[in-house]
Amino acid sequence: MRVNKYFTTQFINEKGQNKTDLFEAMGFIRDHPLTDEEDEAKLQVLTLWFDENLDVPKWFTNPAGRRYETKSLSWFKDTAKSHILKVNELIEILEKYNLIIERVTSKNLWHTVYEDEFQVSAEPLKSQRKRVI
1 MRVNKYFTTQ FINEKGQNKT DLFEAMGFIR DHPLTDEEDE AKLQVLTLWF
51 DENLDVPKWF TNPAGRRYET KSLSWFKDTA KSHILKVNEL IEILEKYNLI
101 IERVTSKNLW HTVYEDEFQV SAEPLKSQRK RVI
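Take the sequence shown: its position 10, counting from 1, is numbered 10 in our numbering, and each next residue is one higher.
Errors might be hidden in some of the hints.
As the list claims (entries may be wrong) - Pairs of lysine-lysine, DSBU-like flavour, derived with a Cα cap of 30 Å:
id: 1; residue 1: Lys19; residue 2: Lys42
id: 2; residue 1: Lys86; residue 2: Lys107
id: 3; residue 1: Lys81; residue 2: Lys15
id: 4; residue 1: Lys86; residue 2: Lys42
id: 5; residue 1: Lys96; residue 2: Lys15
id: 6; residue 1: Lys81; residue 2: Lys42
id: 7; residue 1: Lys42; residue 2: Lys5
id: 8; residue 1: Lys81; residue 2: Lys107
id: 9; residue 1: Lys96; residue 2: Lys5
id: 10; residue 1: Lys15; residue 2: Lys42
id: 11; residue 1: Lys5; residue 2: Lys81
id: 12; residue 1: Lys107; residue 2: Lys15
id: 13; residue 1: Lys15; residue 2: Lys5
id: 14; residue 1: Lys86; residue 2: Lys15
id: 15; residue 1: Lys19; residue 2: Lys86
id: 16; residue 1: Lys19; residue 2: Lys96
id: 17; residue 1: Lys107; residue 2: Lys5
Unchecked claim - Listed next, with one range per pair, are the computed distances between beta-carbon atoms:
id: 18; residue 1: Gln10; residue 2: Asp31; range: 29 to 39 Å
id: 19; residue 1: Asp21; residue 2: Glu52; range: 25 to 35 Å
id: 20; residue 1: Asn53; residue 2: Thr112; range: 20 to 30 Å
id: 21; residue 1: Ile12; residue 2: Lys42; range: 19 to 29 Å
id: 22; residue 1: Leu34; residue 2: Asn108; range: 32 to 42 Å
id: 23; residue 1: Thr47; residue 2: Asp78; range: 16 to 26 Å
id: 24; residue 1: Val56; residue 2: Gly16; range: 20 to 30 Å
id: 25; residue 1: Asn108; residue 2: Ile12; range: 17 to 27 Å
id: 26; residue 1: Glu38; residue 2: Asn108; range: 20 to 30 Å
id: 27; residue 1: Lys107; residue 2: Gly16; range: 34 to 44 Å
id: 28; residue 1: Glu117; residue 2: Asp36; range: 29 to 39 Å
id: 29; residue 1: Ala41; residue 2: Arg103; range: 18 to 28 Å
These are calculated hints, taken from the structure and not from any lab test. Idealized CB from N, CA, C, for every residue including glycine.
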């Protein structure tokens with residue numbers, strides 16, 4: 001059985017908004033004026049790597065064929081080993097800036113709205129949305 005991995009953090013961005021997305025955190029720390037130059041360079045390389053090696057699921061199609069944007073969480077498949085290694089590199093840098101990263105694993109996801117070779121995006125059940133989004 002496949003085990004999926006999800007990574008989340010919480011931080012307040014420059015606009016005072018609470019954010020939980022790992023990639024938003026990467027951009028925030030990368031572009032922050034107090035970020036160490038070496039870490040900024042590593043984050044630039046990681047940003048390019050993810051841009052080239054991971055699709056961003058923006059729109060999903062429901063069973064009726066209508067396109068709509070949905071709140072979903074994207075989980076790495078356990079077979080996405082190189083992606084997870086890169087996420088671990090990212091986490092190592094983010095933790096230097098006192099971001100706490102939560103690693104969540106799950107064998108059972110909710111309603112799958114997107115899937116590719118490396119990831120699965122799923123909508124949480126209504127009863128669990130406040131816990132995870």
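Hints the structure violates: just list their numbers, smallest first. Going through the list in order, the structure violates hints 3, 12, 18, 19, 25 and 26 and respects the others.
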